[in-house]
Each structure stands twice: as C-alpha cells, then as structure tokens.
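Start from chain A and add chains B, C and D according to the hints.
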Amino acid sequence: MGLERLLQIDRRILYLLIALGTLIPILLPIGFPVSTTRPTERFFEKIESLGPDDVVLASFDYGPTTAPENAPMAEAILRHCFTRRIKVVVIALFPLGGVTMAGQELDLIRAEYPALREGEDYAFLGYKDGAQAAMKQMGVDFAAVFPADHAGRPLGELPLMTRVRNYDDIALIVSLSTNVIAEYWVNLVNAQFRTPVAVGATAVSAPKYYAYLDAGQMLGLLGGVKGASEYERLLLDGYPELRPMYRKPGVYNAMKGMDAQTIDHAIIMLFILLGNVAFFQMRRRAGRGGDASGGAART
Amino acid sequence: MNAAPWFEPTRVGAPLVLLLVFSALVLFFIHLSRRGREIFIRRIAGIAAIEEAIGRATELGRKVLYLPGSASVDDNQTIASLAVMRHVASLSASYGADLSVLNKDPLTFAAARETVQEAYLQAGRPDLFTPDRVTYVTYDQFAFTAAVAGIMVRERPAANFFIGAYQAESLLLAETGQSVGAMQIAGTAEVTQLPFFAVVCDYTLMGEELYAAGAYLSKEPAMLGSIKGQDFTKAGLILCILVGVTLEIFGVHWLKQAMTIR
Amino acid sequence: MFWKVRLPLLLTALVGLVPIVTFFLTDRVPLIGPAVPFVRDRVERYMIIIAGFALLLGVVNVLQGNLRRIERRLPGWPFAISLLAGLLVMGVFGILSAFRVGPFQGLLATPDGRATPFYWMTIHMFNPLQAAMFSLLAFYIASAAFRSFRVRNVEATILLTAAFVVMLGRTPLGEYVLAWIPGGERWVPRLTDWIMAVPNTAAQRGVIIGAALGAASLSLRVILGIERSYLGLKGE
Amino acid sequence: MGNLIGIWIGAFLTLCVFSFLYRDNPFFRFAESLFAGVSLGYYIGIVAANTFAPNLVRPLVQDFRHNAHLLVPLLLGLNLYTRFIPRIAWLARLSLAVYIAYFVGINMVQKLHGEVVPQVGATLLRPIGGALTPIDNLVLIVGVLAVLVYFYFSAEHRGAVGAISRLGIWYLMLGFGAAFGYTVMGRVSLLIGRMNYLFIDLVRTTAQNL
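Residue numbers (my numbering), protein chains in the order written: chain A, 1 to 299; chain B, 300 to 561; chain C, 562 to 797; chain D, 798 to 1007.
Looking at chain A on its own, in the form it has when it is part of the complex:
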C-alpha cells in the first residue's frame, strides 16, 4: 500500500529529478546508442553526393530559444560540408537573433578548419528582413537582396559569389528553422525554382513536415534533438577523424542532449506508470470510488 503515498508526492521531488536528469548527462555523457531514420539518411546522403564544385545555401532561421535543437544541426552540417570542401553560403532570415546564431556557429566551426578562406570557400551574407520577399528575389539575383556581405564587402569582390548568381547555382538549400520560414523555403522556393530543400526543424514543428517529405517537396528532415543526434551519428561513422570534436568535455552536442531527453522521458514515463499502479490500488480499496482530481478528458 506504500505506493499510494506516491499519489500525494510533492511535485518538487519530480522537479528535482528532471533537473538532475537534464544536467548530469550534459556534464557526464552516457552515450545511448543512436539509430538513424530515413529522413535524416536522405539529408546526409545528399550532402555526401556533393563535392568541392557544389554550393550549399545554409539559412539560419532560428533564434536563441531553440538553439539547443538547431545549433547541433548547424554544426554537424557545416562540418560535413567543410570536410568535403563543399562551398557554403550562409544567410539569416529569422528576425529574432538568426544572424547572431549564424555568426556564432560559423565562428565556432571555421576555427576547426584553418585552411578555409572566407569569400572563397564560404560567404556570410548576413540578415535580411521580410523572408518571403527576399526568397523570391534571390531566385533572380542574390546581389539584389544582399548587395554586400556581413562585413560590408560588395558581393562582386567575393570569388565565391561571382559564381553564385541565383538558385540555379545552388545544389542544396538547408534551412535550420524554428518556425514557418522552412515552409516558405518549400512552398515558395522549391515549388517555383525546383532547388532541393532540406530542413533542420524543431521537434514541435517536425510532424507537420512529414507531408512535404512524402510529396517530395522536402528532400530531408531532421526533427529536433533526435534528428540532430542521428546526423551526428552518420557524420562520425563516415568521418571518424571528427570524433574528437564530439568527445570534448564541456561542449554541448545533440548526442548529449539526447541522453538528457531519454532520461527525462524515462523519468516521466516511470512516474506515469507508478502513478497508475497506485491509482488502481487505491481504487480497489476504495471500492470503485476513484479520485476526481485533475481534469483530464472532461471537456
């Protein structure tokens, strides 16, 4: 009958367990095995098929609140591209901090590739307001939307950008997105210009995107921390030399995040299970009385 006391448990105990379940795996990674899914594999395989002559457009369409989900995706994809010497054009369309995120991630990753030259191997064009209008215009001419790069150099002075006029010169668009901007890339750019679009989405918006994936409008999809961790797994399997980057203590990545997710999910599910066992014991004793607290399913 001891379990019944669980029903009256102080919610703060649950809070404490969730806090520890999140913190400990970040500091001391457990390393749960990560299995991969098709939408992630298709994303990875597409980049795998590209080489030094191809250009990827990476759009930072997220802000600081969803960085734990989107940033590891950005890091893994940039590493993948730079390792394969694929050229990358970085832009930001998310108004609330997209350009800050892009700058941070680019600074972090380019430090690992000292041979890369800005303007030749990659370009950072900065932020543009009004996502949809900007996307349409880039179909005609990038320079009309971004006359200069983030540091103020005219695009004509960047060797990479003399090769890239519009979407025709882009092999793949990658949108790292927290909200509706990814849908614009699909509905507007993919539909009109046929450039393949792959999306790194937050867990909350991912389910909606399965329809685009089915319809072939989206080439690949990473959903939340889980999707990011799958990409990291594929990357490390393909490029073992990158492993040290993902073993550094005190550096967050999606596999560590996934450890935290797994533990927190397990804690919550365990509590739900025990709660129901206790509930049944109580109900059997009370003779079908049951408790009426909580309003689930009363509408």
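In case anyone wonders, no lab produced these hints; they're calculated from the structure.
Source: prediction; values computed, not measured.
Careful: at least some of the hints might be erroneous.
Stated by the list, open to error - Just the calculated beta-carbon pair ranges, DEER-fashion:
1) D10/A / W805/D: 44 to 50 Å
2) D998/D / R341/B: 23 to 29 Å
3) W805/D / W638/C: 26 to 32 Å
4) V251/A / E358/B: 56 to 62 Å
Unchecked claim - Quick look at which bits of chain C chain D covers, simulated, 3 or more residues with Cβ under 8 Å:
5) 586–594
6) 700–714
7) 776–785
Built from N, CA and C at the ideal position, the CB exists for glycine as well.
Below, chains B, C and D alone, put in the same frame as chain A:
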C-alpha cells in the same frame, strides 16, 4: 470571361461560394429566430460550469481571475473572450465576487475595461467597479506569465478563466493555477495549446465552442440564430466531404480541384 | 444614443465590409478599384500605428498602478520600485535610440557595429529571463503528465496511451522495448509517426474547420452589430 | 568585461526564476517585477524604433505633404486617450471599433479561404491509400467527420449523433495525448539550453575573462 479581370482568380471559386452560402444561412436563421422561431442549442459543459466557478469563489471569499489570452483584438478569439468576459463580469457583479482581469495586450486591455465597466453598470453594481479590476501587466508573453503566476500563488484565486488565444504560456498558467487549488475553465481555438488545457483544467471550451460561448450565454435570438446558420454550414461541409470522397473513389476529381487553393 | 451606440456600430459595419469585398477584387474594378491596393498595403500599416499608441495606454496603467502601490505602501511595494526602474531605464534607452538622440544612434547596434546599452540589457536581462521562464515548462509538463494521466475512463485512457507511445517513440527507449522481436525495434517509432500523421491530423483538422466556421460566424455577428460586448454595449 | 558582468547577471536572474519551482520567494518576486518592467521598456523601444520613428514621425517631419494621410492613424491613435477625459470618454470607442472591424472582416475571409476550404479539400481522398499504411486515408476521413459531428450544436449527443461524436472525442483525445507526448521533447530542450547557459557558457566566459 469578361468579368475575369475584376476578380482575383484564386479567390472567387470555392471560397466565394462558401462565403455566400455561409452568410446566407446565418442571415436566414437570424431572421427566423428574430421572428420567434425556437432555436435549440445543446448544453455545453464548460459554459454551464462558469456560474459554479464564480459561486464557489464568492463562497470562499477568494478572487476570480480572468485572462483574455495573449492576442490583440485583431484575433477573433479575443472578441469571443470579451463576450464571455462580459458574462463573467456581470455574474461577479451580482454575486459580489472579487473579479480581476489581467492583460497582456494593450488594445485588449482597452476593450476589456469598457466591457467590464459596462457589465458592472448594467448589473446595477457600479459601486463594485474599481479601475484596478482590469489592469495591464506587460506586453511580453513570459514576463506576463511570470507576473500572473506570482499573483496566483500570492492571492490564491478560487476560479481561473483562461479564455482566448494562448501560446506556450498555457501550461505554465494552468499548472500554477492547479497548484493553488483553483477551479479552472479554459477556452481556446489554438490547436497546439488545447492538449495542455484539456489535460490540466477542469473544463475546456475547444475551438468552435469558444466562439459559440458568448452567443450561447447571451440567449439572444439573433445570436442563437447565427450559431444555427453556422451549424447548417457544417452539415453542408460534412455532406461535401462525403460526396467528394465518393467522387474520388470513382476517379472524378473536379470537386477536390475546386477546393484546392493554388 | 446615436453618437455613443449607433455611430460605433455603423462604423464597424462599414469598415468590416471593406476587407471582405476587396479580398475578391482586383484594382481593375471600376470606381472602387483604386481602393483595393490601398486596403491591402496601407490600412494594415495604419493598424500597426494605432496598436503602437495602445501600448502607451498600457504603460500609463502600469505607471499609475505601481506609483500608487509605492505611495500607499501596499504589500510588496518595494518590488514596484524594481519594476519601475527596469521600465524607465529600458524605455528611455529605447526611445532615445529609436529617435537617434545624442550618443544613442541605433536600437541594438550603432552604425559602426558596437552594441548599445539597450542591446546589453536585452541579451543579459530580458533574454535570460524569457528563456528561464519558458524552460520552466520542462518541469511543468512532467508534473502535469504525472498527475493527470490516469486510467480513469475510456477517454483518459486513450489520451494516456497516445502520450505514452509517442514519448516512448521519440527516444531510443522506443527501440529497446520491442527489440526482442525480430524487426520490432522499428515498431514503436513507426507507430509514433503514424499517430502523429493520421489520427492526430484528423483531430486537428476537425478542430480547425469548426473553429474557422465559429470565427467567421463571430465576424458576421460583429459586422451586423449583434455582438457588441467588445464595446461594452449590451445586446440589442 | 561587460560580457562577464552580463552573463553573471543573467545567471543570477535565471536562478531567481528557477527558485519559484521550490516556492514563491523575494528573489523570484524581484526577478518577476524587474522582468515586467524591462520587458515593457523593451517593447517601448521596439515600437518606437520599428513603427513610430520610420512609419509615422520621420515621414511626417520630412515630407508632410505626401504623408499627410498618416494623420488618420495618428488621430485614431491619440483618440484612444480621450478615455481619460470623462465627458468625451466614449470617443475612444470609435478607434476601437475601427480597429476591431477591420480585422474582423479580414479574419472572416481568411478563415473561410485559408482554413475551411483547403482543410476540407485535403480530406477529399480515396479511402484506400495513404503514405504510411493503406488505411491512412480512411482513418483520416472518418476522424475529420466524427470531430465535426462532435461540434454540431443543433442536436443532443444521443443515439447515432451521440455515438459518432463519442468517436470524435476519442480522436480528439488521441490527438491531444500524442501532441502532449510529442511536445515533451521540445520542452526538455529548453531546459537543456538553460543548463548549458548556467554550467557551460558561464564557466567558459568566466574562464576566458580571468
């Protein structure tokens, strides 16, 4: 077609037909009902519970908290909420309950002040209306949530109304309210937030129920007539789905194409 | 009576019909044609300006309320001081930067790219407070699930089961539970995808269609002057 | 150095907010009131910089003749303040009426055009077929219909209508449960972000500055 350049081609097909049929049905039933035809609308549990919640708060001598959601009056959910708020204010005035309306949006705040003040006036208790019944907190979603959560734990309201447009703050508010033992009635048409209200609150007005609530509470013939017109449109859409699915089975696609907006 | 009741209702009816009519038209319609792009491009911007004025209405209310609290030494009055301090410092920085007064050139960054005090307060006070409050949801969603997911009746059981399966399917745990069956490790993740894509979509679609009809019906009631609570007016 | 002070202030405020999980306390109350003030100040800045300065004040000051039409929103906006003058307080209603009416009209067409028509259109499917299993479409169509019947207000939930609307409720519960479970991951991610901020960013920034 001669008239073609006058009309937006992507908008005049199915959407215009729907608009006309819908408006005609609503107007027709408003007309019928004004002429004295009885209109039956089934009982909606969440609406019936409003009076109970206010009565309970009055007995306990604790506050009634009403939050009209995070949107401005440009969202119809807010307009629907103001209609419910009017009823809650009127009941609070006649019961002598201590109502407090907290706002995130400034225009909603302006409208709420009119609504509540007039409701107190018409309930014959202008003496109970003080300006601090309706207050403005802040424009930020989470700053607003923090402030309201603080108020909840300090003042321990006995009834919480979360009616209107809600975003991620829904669960923060409802959980805090639950922890202080308030009876909670929520109402929103935000599909993403309905699960949290439905799980935590005692009653939840879902989607269409929120919009119907004000009309239902007013019991005015014209209001009820409009609900009837909307119901008939819904029946028409159910029929449209059945017919459309049948046509699809036989490989006839015109209805689906007419309803696919390019 | 006319000025206080009829006029606002008349105005509502007229203004409300404008976007409905122009929605279906192009600018080539005789007489009202030129109004079409005007409504589409300009009126929306007008509305944003009106909403801007309303924000100050809210600010006035906050100032009044908190000054009164300090004056009368109402409970918690010292916190009204921290509120007003935050409001004044941030608000004054904001207004000076917006109108480029003196050294305050630019809201978030000066023309030469240096961060402004407004930006400093945004990233070191406003953003951390927002993110911290938002992240409390991780705790609240756990306690809500524990407390409410009970096998109480058919409906509650369906709710619980769906939540449980999806939570399982979103982590590696979903692969372990059935891994003892050959091929079973894919079942729970697949079931998760199916629930999200099929029955969940059906439920959402039903709610969206119904709610949209309800919203349209409310619009009609407002335009017809039947629904008028938002003006504080009593029914007809 | 500004960064170092800033991140410590941010960390302190984060802990103040988290302390609410234990119970209400003066630290939370301080953070909460500061938050209310700072956020309101933030939006004053944003509205002034993004709306008033570029779309109202500057056009009127620089080229009044061509922008005189901006007096319309200016007057409607100022009119909101007549509320403070009791004799003409009712005037404020006019601004409110105009604002609400415009959006009510927009919402009416957008809901019907952008939501009802495409959502119904997307449901017109062959019952046999689907992306994941052959019965997907059937399950979807039945669900949409059942939920719509649940929202039908003109009949009591009895008999056939009762049975179908019960099915509608089951669909709703299935959808709500799934959405709830699905959201857990996103919410835990937010907490991971804060833990990173407190235990990784803070330590790194402090180490870099010392």
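So which hints don't hold here, by number, going up? Result: hints 1, 2 and 5 break, sorted rising.
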